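*Asks:* Make the full structure from the sequences, and use the hints.
One letter stands for each residue in the lines below.
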Amino acid sequence: MARLIRTEKEVEGRFTEQWIVVEEDALDQWPAGPRTVVGQPTRRVDGVERATGAAVYTADVQLPGMLHAAVLRSPHARARLVRLDLDAVRAAPGVRAVIGPDDLDVLTSEPCYEGHGVAAVAADSFEAARAALELAAPEWEVLEPLLDPEEAVRRESLLAEPRRHDRGDFDRGLAAADVVVQAEYRTQTLLHNPLETHQSVCHWEGDTLVLYTSTQNIWGVRDEVADAFGLPHDGVRVICRFMGGGFGAKNDAGDYTLVAAELARRTGRPVRCALTRREENVVSGNRNATIQRLTAAARSDGTLTALGGEFVSALGWDGWLGPTAGPMQMLYACANVRTVEYGAKLNLPPMAAFRAPGFVEGTFGLECLLDELAARLELDPLELRRRNHADSDGTDDRPYTSKNLMECYRRAETHWERRHEVRARSEGPWKRGVGMASQIWYGGGGPPSYAWIRVGSDGRAVVVTAMQDIGTGTRTAMAQIAAEELGVPLEHVRVEIGDSARGPYSVISGGSSTTPSMGPAVRSAAADVKRQILEIAAQRFHLEERVLDLKGGNVVSADGGSWSLEEVTGLLEDAQILGKGARGPNPTGMRVMTFGAQVAEVAVDVETGEVRVERVAAIHDVGRIVNPLGASSQVEGGIIQAIGHALSEERLDDPATGLVLTQTLDAYKVPTIADVPEIVTELVDVPDEHLTNLGSKGLGEPPIIPTAAAIANAIRDATGADVRSLPITREELLHALEAAREQERRGAAAPA
Amino acid sequence: MLLREVEYARPASVGDAVRLLAERDGARALAGGQTLVNVMKARAASPDVVVDLNGLEELKGIELGPDGTLEIGAMTTYTEIVESAEARARPILGEVCAQIADVQVRNRGTIGGNVCSNDPTNHLPPLVVALGGTMTIRGTGGERTVPAEEFFLGVYMTAAGPGELLTTVTIPAGKADGFASLPIGRDGTCIVNVAASLDGGAPRVVVGCVDAVPVLVRPESAEDDAVRGAVRAAGLQPPDDVHAPAEYRRHLAEVLAVRAVRAAKERAS
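The listed protein sequences derive, respectively, from chains A and B.
Adding 16 to a residue's 1-based position in the first sequence gives its number in the numbering used here.
Adding 1306 to a residue's 1-based position in the second sequence gives its number in the numbering used here.
In short, the hints are calculated from the structure, not lab data.
A few of these clues could be false.
Here's a subset of chain A near chain B, in silico, CB distances under 7 Å, partners left out [as the list claims (entries may be wrong)]:
1) 668
2) 670
3) 677
4) 678
5) 688
Each pair of labels, with its calculated beta carbon distance range [claimed, not checked]:
6) A:759 - B:1552: 25 to 35 Å
7) A:765 - B:1524: 39 to 49 Å
8) B:1572 - A:759: 32 to 42 Å
9) B:1552 - A:179: 36 to 46 Å
Every value quoted in this text rests on a predicted model; they were computed, and no experiment measured them.
Backbone N, C-alpha and C define an ideal beta-carbon position, used for all residues, glycine too.
*Replies:* Encoded structure:
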């Protein structure tokens, strides 16, 4: 029976209370360990389609009569439009429609960041659209931008109220400490750089807007666009069968979608609006920069007595304040914690969620600070972390649904022990060292999410749900879960996703929530189908349902009888067996979190400041693993992206004008395959017994969280240099090395 | 970004290619396209016609003379140099070509394109200067040769002027060479690179990425201090850009020059 409950819903650390109708989740979890299909390394069911180019991405969508849009964007961080010649644009060859600041909410005559949309045009070709925009000849009154986040905090230019957390007595905790370390850490603005830039193709079929878009959030885009155009929600049909990455930047409709929809409405023709790579690197969102002033206090045995932090996030013109203080509040047991977080509103492009927003930045600061503390205490960094293990959630004392961080530490030991041998391999200017860091993050998912399954007379199952695959192998994982429950081979299951008109609601592909939210719904739908098949078989073969089961594509009975599935479903001819399933609720009064630890090995050229990451071992605890092959791909992707964050990637803004200097992939350096180290993945793979019928948590975000801190700690281990700012540029590392040598000289000169 | 519309010609002979380049003011030779196509996309160059040299077999190949001199056709790709038995006569050539960008770029990019585009971050301009190479240039008026150290005139500008084509890069015999570079990421653009050669008396140390053209430095000896001092005395004024500050590039020039000369010394002994 359906149940109405009031529940706490979490996406990427943002909690909302909401009413929700949930179905009972009555299925028992499968026993721990690999099953017939679930838990087996499985190649992507859509791998060949993707590799051969057959998979249709939004970038591939070509509709008859399709027009191409281009957007006139502000070349200034803050300005007022004095003049704009849209008539000249309208008269340009090939132009079919032009819209300006008065025509759409996302267009403005008073841009507040570089790239803010001003006008847009639809033309027969993209080149014609761009050429037409050049005739707009805008004249600007350029205004002084606010760019410095500290200045913004002083002026109270904030996007949210300062967020404070104060538990225990911070000052008493400080007073009780034998050692106090304080340091300022900085993290940079980062760009998502999905392979497929943000884009949509919009096309009106009567009163229905058909919208192809590269999104992580089919249903969110549907609602946002429907509201903007005053349509009933299902008056917008959102289609996204394949998408080329998002990393959090594709959670919303975006100005390009609204521009395409409006231009399509005005012209009666399909319109594509796709960001160029340069637009992508300016306006599509970013991981905001942070400044973190942190304090850690401990007794000589390593017990933390106080943790404190002031966090300033440079959010840009719009956005939200990610949980940068989250790791400090949650990662370790500490009674006295005081944090304050500020979200600075600036004349810079708005931030967007980016793979574990807040926690990536906050973990860098906290986990470097922990190593500085360990050095002062002359304690082993891994041992320091063990001694401060949190058995329950520090913010509200809730028990964890499951936590195997100590097991992660135990498995990390083998890799941690390598440090002696790694250091010994230092030679010439190349110094080697090892560092580690821990990880905590959300990733439990939640309701609502639904799946339907239909089985035809051929005994083949089709899973239907209107979810998207951000690229994590969603089709494969869902097919595995359905195949496991139905007792059929993986090849007998198809997964149809990506169309809001063809399937029920599914969760956003964000916050590591896809598998933990959708997986249980798919299993529940499969169980519904299985029950019906067994009911039919029981009647057909005059047996009790309880002696029947589905195995290896057969209906089997306890007394040894076996009938192929088709023998049962074949009775139905054109009739179908229809099952439905819903995601059940999360356990009340408990905290669902993911955990892990990583150990990084680096080589540092102390003459040039070059850092090479040579090996990363990643141990994560995310409950049951559905597809070990897909899971290790997730871990590798997260670590590679984190290496870019640690060493080479940074959006640079002109400090006077606020214009983005790194708009190309030459200027903004993403790691390539040549920069990828040996990556060792270990997954604890113990189902979370309190979480759903599956016991799985998400893995999209956890692997990117601890890597940068582990690398920074390894650099300190190798060279003695304190690196407190990301990215760890070579020239700054040389300065840090010089400072470390200076300190050593002074230490040596000081009287004993 | 999309390319502007551009006329395309694929001549059948070097003579035809030179004629096409001479006839049309807005003509540019297309070798591997690894630089030209990018600058066209960025609108930094807008040729009216690209003259594709890829069909010209006479511009390909490596010949090793009896005295050890290498004659390298301008359209020889990096991969061909890396794999060539003849090119091993001067081992540094293959070693440096193997460091250029990634496999795809090495399969397309050519020695001629690399030196003629003279992007200041390219690997080969400092190398051919250090090795004392000679460039053979064909124009409608015939052929001429230019020493490598006089070939590079400015960013994207060389002695091969409008209507001319570099046909051959000649590298004399030798072996005591070294190269050291620091790219952005393992296979990215160089921040600084240095080529050195000890063949023919005093060391020739050539620093790339720090000026519009490779900077030739002549230290008095191959000792570390002499090399470092000579580079410092050269008063380099490297660019300050998104990849690195000028001060860091100056520091790197000294470190990498010492490393390049040390590598050359090792090979000499």
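*Asks:* Hints numbered earlier in the text: which of these fail when held up against the supplied structure?
*Replies:* 2
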